[in-house]
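Student: What follows is each chain in one-letter form.
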Amino acid sequence: GDSVTQMEGPVTLSEEAFLTINCTYTATGYPSLFWYVQYPGEGLQLLLKATKADDKGSNKGFEATYRKETTSFHLEKGSVQVSDSAVYFCALSPRTGANNLFFGTGTRLTVIP
Amino acid sequence: DGGITQSPKYLFRKEGQNVTLSCEQNLNHDAMYWYRQDPGQGLRLIYYSQIVNDFQKGDIAEGYSVSREKKESFPLTVTSAQKNPTAFYLCASGTGGVETQYFGPGTRLLVL
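Residue numbers (my numbering), protein chains in the order written: chain P, 4 to 116; chain B, 67 to 178.
Bear in mind the hints are in silico, worked out from the structure with no lab data behind them. Bear in mind that the values here come from a model prediction, so they are computed numbers and not experimental data. Don't be surprised by glycine CBs; every beta carbon is placed ideally from N, CA and C. Check the hints yourself; a few may be wrong.
Rough simulated footprint, nothing fancy, chain B against chain P, three-plus residues with beta-carbon under 8 Å [what the hints assert, rightly or not]:
| no. | segment |
| --- | --- |
| 1 | 40-54 |
| 2 | 105-111 |
Now the stretches of chain B that chain P is said to cover, found in silico as 3 or more residues with beta-carbon under 8 Å [stated by the list, open to error]:
| no. | segment |
| --- | --- |
| 3 | 106-117 |
| 4 | 169-178 |
I would like the entire structure built from these sequences, with the hints used as guidance.
Tutor: Given below as structure tokens:
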């Protein structure tokens, strides 16, 4: 079945460090891929998405490229800030118009000054 | 301001008690969803509704019930049959398909 495997945390980085959070997926069709961010005490916010192979999603300095050959969608940011401290979730939608998202377990990022 | 509101922020349930979590949206979205989030786990879909007066079970519907009498509202009842209700509950709405889902701030349910 469809699933997402996400890098376990927690991850602690110093400000301005490079961030990578790994995400790989298993899907039978042509999924769309997402990264969501959850700040403390809040709901999830869509950070970025990619709907087909080789697409790159980007937002707020974060990027992720949909790699079909490696079934991956790793999240990267070149220089993290304290305000990026949050939990990041990788998610998969099996196909366009599907009614369900399959989430990874989440990775908690803490950025220290 | 358009958005999704969930209330209360914290909810306490006694053993054997049913409790209802509120979710309201003023985004004019047709679809609404309920997810459960447990520590160290991703979100899991409980129920979803694509249109008023219609809803479908998600992956973990047992012990929960919903109604969709109005487009704006999608309350979730955690029944006494749900033996492990302690979790963070997130409501979402969208225009159809998960690509357009917007999430509410969540309700944390605790059992006394």
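Student: Hint by hint, note whether the structure agrees.
Tutor: How the hints compare with the structure:
Under the rule that three or more residues need a Cβ within less than 8 Å of chain B, the assignment of the segment 40-54 of chain P holds, with 8 such residues. Under the rule that three or more residues need a Cβ within less than 8 Å of chain B, the assignment of the segment 105-111 of chain P holds, with 5 such residues. Coverage of the segment 106-117 of chain B by chain P holds [criterion: at least 3 residues with CB-CB distance below 8 Å; count 8]. For the segment 169-178 of chain B, the stated coverage by chain P is satisfied: 4 residues place a CB nearer than 8 Å to a CB of that chain, which reaches the threshold of 3.
When each numbered hint is compared with the structure, no violation occurs for any of them.
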